[in-house]
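A.B. asks: Starting from the structure of chain P, add chains C, Y and R where the hints point.
Residue numbers (the numbering used here), protein chains in the order written: chain P, 46 to 300; chain C, 22 to 311; chain Y, 261 to 646; chain R, 44 to 355.
Since the hints were derived computationally from the structure, they do not count as laboratory data. Incorrect hints may have been included.
[To be verified] Derived DSS-like pairs: lysine-lysine, alpha-carbon spacing no greater than 27 Å straight-line:
#, chain 1, residue 1, chain 2, residue 2
1, Y, 599, R, 68
2, R, 118, Y, 375
3, Y, 646, Y, 311
4, C, 136, Y, 598
5, Y, 291, Y, 357
6, Y, 608, Y, 401
7, R, 68, Y, 598
8, R, 68, Y, 401
9, Y, 398, R, 68
10, Y, 398, R, 118
[Said to hold, decoys possible] Only part of the chain Y face toward chain R is listed, based on derived beta-carbon distances under 8 Å:
#, residue
11, 337
12, 346
13, 390
14, 441
15, 454
[Unchecked claim] Pair by pair, the computed Cβ-Cβ distance ranges are:
#, chain 1, residue 1, chain 2, residue 2, range
16, R, 132, C, 194, 24 to 32 Å
17, C, 76, R, 205, 33 to 41 Å
18, R, 353, C, 173, 52 to 60 Å
19, C, 132, Y, 621, 41 to 49 Å
20, C, 90, P, 57, 46 to 54 Å
If you're wondering where the values come from, they're calculated on a predicted model, not measured in any experiment. Don't be surprised by glycine CBs; every beta carbon is placed ideally from N, CA and C.
Spelled out, the chains give:
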Amino acid sequence: MSLLEVRGLTRDFGGLRALDDLGYAVARGPIHAVIGPNGAGKTTLFNLIAGIYVPTAGRILIDGQDVTALPTWRRARLGLARSFQNLQLFENMSGLDNVRTGLHRHEPASLLGAMLAWPAIRRAERAGRKRAEELLAFVGLEAWAEVMAEAMPYGVLKRLEIARALASEPRLLMLDEPAAGLNATEKGEIDGLIRKVAAAGTTVVLVEHDMKLVMNLAERILVLDHGRRLAEGTPAEVRADPAVARAYLGTGHAA
Amino acid sequence: MAEFLQFLFAGLTSGAIYALVALGFTLIYSSSHVINFAQGEFVMLGGLATVGLLAAGVPLLPAALLAIVLTAAAGIALEKLAIEPARNAAVVTLIIITIGASILLRGAAQLIWGKDYHRLPAFTGETPLEIGGATLLPQSLWVIGVTILIVLGLRWFFGRTLLGKAVLATSHNRLAAQLVGIDIGFVLLLSYGLSAALGALAGILIAPITLTSYTVGTMLGLKGFCAAIVGGLGSGAGAVVGGLVVGLAEAMATGYVSSAYKDAVAFVIILVVLVFMPSGLFGRRGTDRV
Amino acid sequence: MTQRTVIAAALAAALGLAAGAAQAQGQGPIKIGSFLAVTGGASFLGDPEAKTLRLYVERINKSGGVLGRQLQLIVHDSAGDAKQAATFAKRLIEDDKVDILIGGSTTGETMAIVKMVDEAELPFLSLGGASVIVEPVKERKWVFKTPHSDRLAVQKVYVDMKARGLTAVAIIAGSGGFDQSCRKNAQELAPTMGMRVVADETYAPTDTDVTPQLTKIKNAAGVQAVLGCGFGGITSITAKNYKQLAMTQPFYFNHGVGSKQFITGAAGGAEGIRLPAAALLVAADLPDSDPQKKPALEYAAAYKAAFNEDISTFGGHALDALLIAVDAFKRAGSTDKKKVRDAIESTKGLIGVDGIFTFSAADHNGLDEASFKMVVVQNGEFRLLK
Amino acid sequence: MASRHRGLVLLAAVVLALPWFLANKFHFQVAILIGLNALVCVGLNLLIGYAGQISLGHAAFFGLGAYVPALLVDKLRWDSSLALAAGLAAVGLLAFAVARPILRLKGHYLAMATLGLGIIVAIVINRELDLTGGPDGMSVRAYRIGDLRLRGEWTWYWITGGTLVLGVWLAQNLIDSPAGRALRALHGSEVAAESLGIDVAGFKVKAFVISALYAGLAGAMTAHFLQFVTPIEAGFLRSIEFVTMVVLGGMASTLGVVVGAAILTLLPQLLTGFHDYEHLVLGAILMGMMIFLPKGLVPSLAALWTRWRAQS
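So that you can see chain P by itself, here it is in the shape it has in the complex (with noise of 0.2 Å):
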């Protein structure tokens, strides 16, 4: 069974459809890959898989299950995890206690134990403190741990949102555009990142505009254009497909 799968996914804004018809899946394992020139749909689909946006119309499985009318958050609690193209950190917490919210779905929660101070929670928190200091490190921040999220440079928020998702021990990591617009060598460490991850046994679809990145990384490709499937495979399969060097050829996108 795949661990992720969309049936005739559709999506319209306003007269405008973003999203036609796909059917995509996700086998466990591998590193997976979105392309597709700008407006192919690319950030559309992620959003639908984690649940921001509602289909107009088609179905999202999570391990056979249908979460297609569940709430972001339900879902993340299914394991699925994301980072955002335009980061979306919690400016007003420090480096460590936006890792810390990461863990939240392993974490009791509740409210009224919180605030009685229940030993059970006391206990999770000295772990999950200790967790994430574990996770800071992973993504080469440790040194960032006390610092407000809203002083950090581009490049640590980058690694920050990875590590954040981490966190939540995802079976799915999802992350848009890792390495826009990083330099070279952030390129460089976010690549080593994402396998390292991978390594770690953790499935990952990115959607990510740096082809060399993509073709390095990703074992399996979906190219969309104009919300269409144009084409999907291993890296060697998309660079020889025809469809997709004209679309990307078209818009001047050149791998």
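C.D. replies: Same frame as chain P, but now just chains C, Y and R:
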């Protein structure tokens, strides 16, 4: 029928008053995304300043114009001295600043003009017009007429003039507006000045009907805020519709249900509208873009 | 540790720790403490009250004070808020150690502190309207009041209506405490006085228009007279709307409209309206034999000279309270609280501007009803209804 | 000692030491009112400061907390504690019922909706004359536990002080917990919070209800202490006062809002000498503080202090 007409006139008059105040809210919100809780005080200032100038022997028209200019100056000062220095503050901080401003303005008005209430003479007499068995004061027509003129004027300003378009551009995207060379500082000053002037004009127009004193701003401000929200913040037409909805609902509820809870009507409407339309009747519905 | 510094500094400043608060009793000035609704919705009461107290304390001091001591007046603005009033009253009692309390412009402010003055055993002259302030007298040992009871106001109106053969009355009342108390009295008194309430409408004091309410009254069956309960700008609007709708039933108001602003604000709409008011309002119309005429005219002149405003009957409540206090201090021969209280209770025939006061153990209002007159607006002036 | 307890210990120390500096019953009364307002603000801060949801209507809960128990005791002769529990239940239920639809709103729309809710409750209390005594208010019986009547400044000082310390302890525990981080997270980014499995709508409702309960409890205590209550306690201006206390003292700073409550409760006492100029000065102070210390007094001063220390 006569009874219905009477309620209708009352509702239209009150509605037009609320709409005038709401337009002031809308103007400032459009350019700066600040809700100015001192908006009602501009209405108060306009009315009281005119009363004061009249008492000092200035004829009505120059007194009214001078009062509008003075109030506009107060609006500009508010922007320059209080809003501008705190432009990066949180929404609620800005709310407290404008509330502070309204306390300050009320305190100043009470010192200058005392605590008595005053009346301005009606522009064209006090003889009520009789229409279908119901009566309407000529001053109500002034209020309704000027409201219509202002809405048309604002439409022209935003649609046809460069300055108006600059204000709109600032409202949509401040950074982009700055990049195309719009002087944001000036646009903000302008919209506060204009909004204060609008408030003052409202204050002068309604003083013959509602009388005026240093306390009239509070409730008029709240009702105006209500109207602006019902209409959907930032929409001029919405502000007018919102004002009329609130005014008419109050009058009809009083007339056909009960007057005991009349002053709650506006707020019940607010809750009902917002539960079903979280951005008001004409507000932009935003989707999070992530 | 910044927090502690801030808290400590604020507290020290606020609570006046530095000030050597305790002053030798009996040597310094006689302290009169007052908390009034100087601002806010009830400022039509508190403002003239505060002005009157300041004016007359100054005058008394100029003429040598009381018992050879000067009067010291301490006024706090409660803004009509009962919690604020209670805190200021506590401050006056505990911190300023006043010799007498005058104040509470409204019933709410007063009722919030009646228990407090009882425990502090301090004489208290309230300016509030409701009769519960001094009743039951047994529980109000230290509380007195100077204004006529607002129940009496409605009684006066009803008597006048009945004399004109009007028995079906419509009420239009504001939502404030003063207004609602009048409305409640009007409803409760009606059956006992042979009146019927046939319509009952409410407005908020901040309303801009009351034509819908008045239209309902106009179209209600059998309304013979209308009673307005309220004060402030909205009463002028009501009178104006009444005229606009060309309503013909005799229109009455309670004593809340007893100030010149009401008439000027109504733009002619006040003409013919009747209301009960202290004789003060129509002092010029009183026969020369009336003992109140002279003090009332004097007060009106002094107030006008000092503030360039016309008097309202509410300032008169404060003046009477001050006069009663001064009289009691003199007769008690000291500021001993028990003696002053007893002296107030034994006040007899004191001529105030509201009327003539004679207190007793059973009556802590002590006003004769005769001094509450029916008044009519004629040619833009309040005139005594004869 | 965990960092979250440092402020608590400081507060407890102030509560314990303060009576030495209070000269008379008036001073105690002001201290008690500060404590009760602070209690409201500690709860409101969870909603506004941490969860980032504005409310301009919390006086409604304060007012209901005052009126419902008072009425149950007065009209139905209920036991004080039972009435208090019922009052808090009523406050909690109302908050729960309105929270979900209202908290879908954002920014100024939320401000308006909460403001409207508050005003409606105040109007109802004001209008139901036969029940509540209307605008002139009603007397409230002293709180009774068995034959013991809780009266007087000394008693209420310790009740208030103890409740405030307890209230701060509970709030601090919450802030420093998974649930507390969830609240802060939805302030930072609702969509990110949702994507991490946080039930944003649910947490908003819970924060709203908890803050309403703080306000309701403080309202009940205020009414029992003063033995009198008027509809002003539920009114729009009171709501604004509470929010101002929170913002002035410092959003998302529990000690900050206590300081904010202290300042705003003291201001009328400090400014009363200005007489006619009182409102002018009050408005100027509010504006000045918010313009120059937009993050609130305590956080702004703390930041200055850190910078000053770093420089020297």
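A.B. asks: Against each hint, give a clear statement of whether it holds in the structure.
C.D. replies: Outcome of the hint check:
no.	hint	in the structure
1	Y/599 to R/68	holds (24 Å)
2	R/118 to Y/375	holds (20 Å)
3	Y/646 to Y/311	violated (32 Å)
4	C/136 to Y/598	violated (38 Å)
5	Y/291 to Y/357	holds (8 Å)
6	Y/608 to Y/401	holds (18 Å)
7	R/68 to Y/598	holds (21 Å)
8	R/68 to Y/401	holds (22 Å)
9	Y/398 to R/68	holds (26 Å)
10	Y/398 to R/118	holds (23 Å)
11	337	holds (6 Å)
12	346	holds (6 Å)
13	390	holds (7 Å)
14	441	holds (7 Å)
15	454	violated (24 Å)
16	R/132 to C/194: 24 to 32 Å	violated (48 Å)
17	C/76 to R/205: 33 to 41 Å	violated (57 Å)
18	R/353 to C/173: 52 to 60 Å	holds (58 Å)
19	C/132 to Y/621: 41 to 49 Å	holds (45 Å)
20	C/90 to P/57: 46 to 54 Å	holds (52 Å)
Of the numbered hints listed earlier, those contradicted by the structure are 3, 4, 15, 16, 17.
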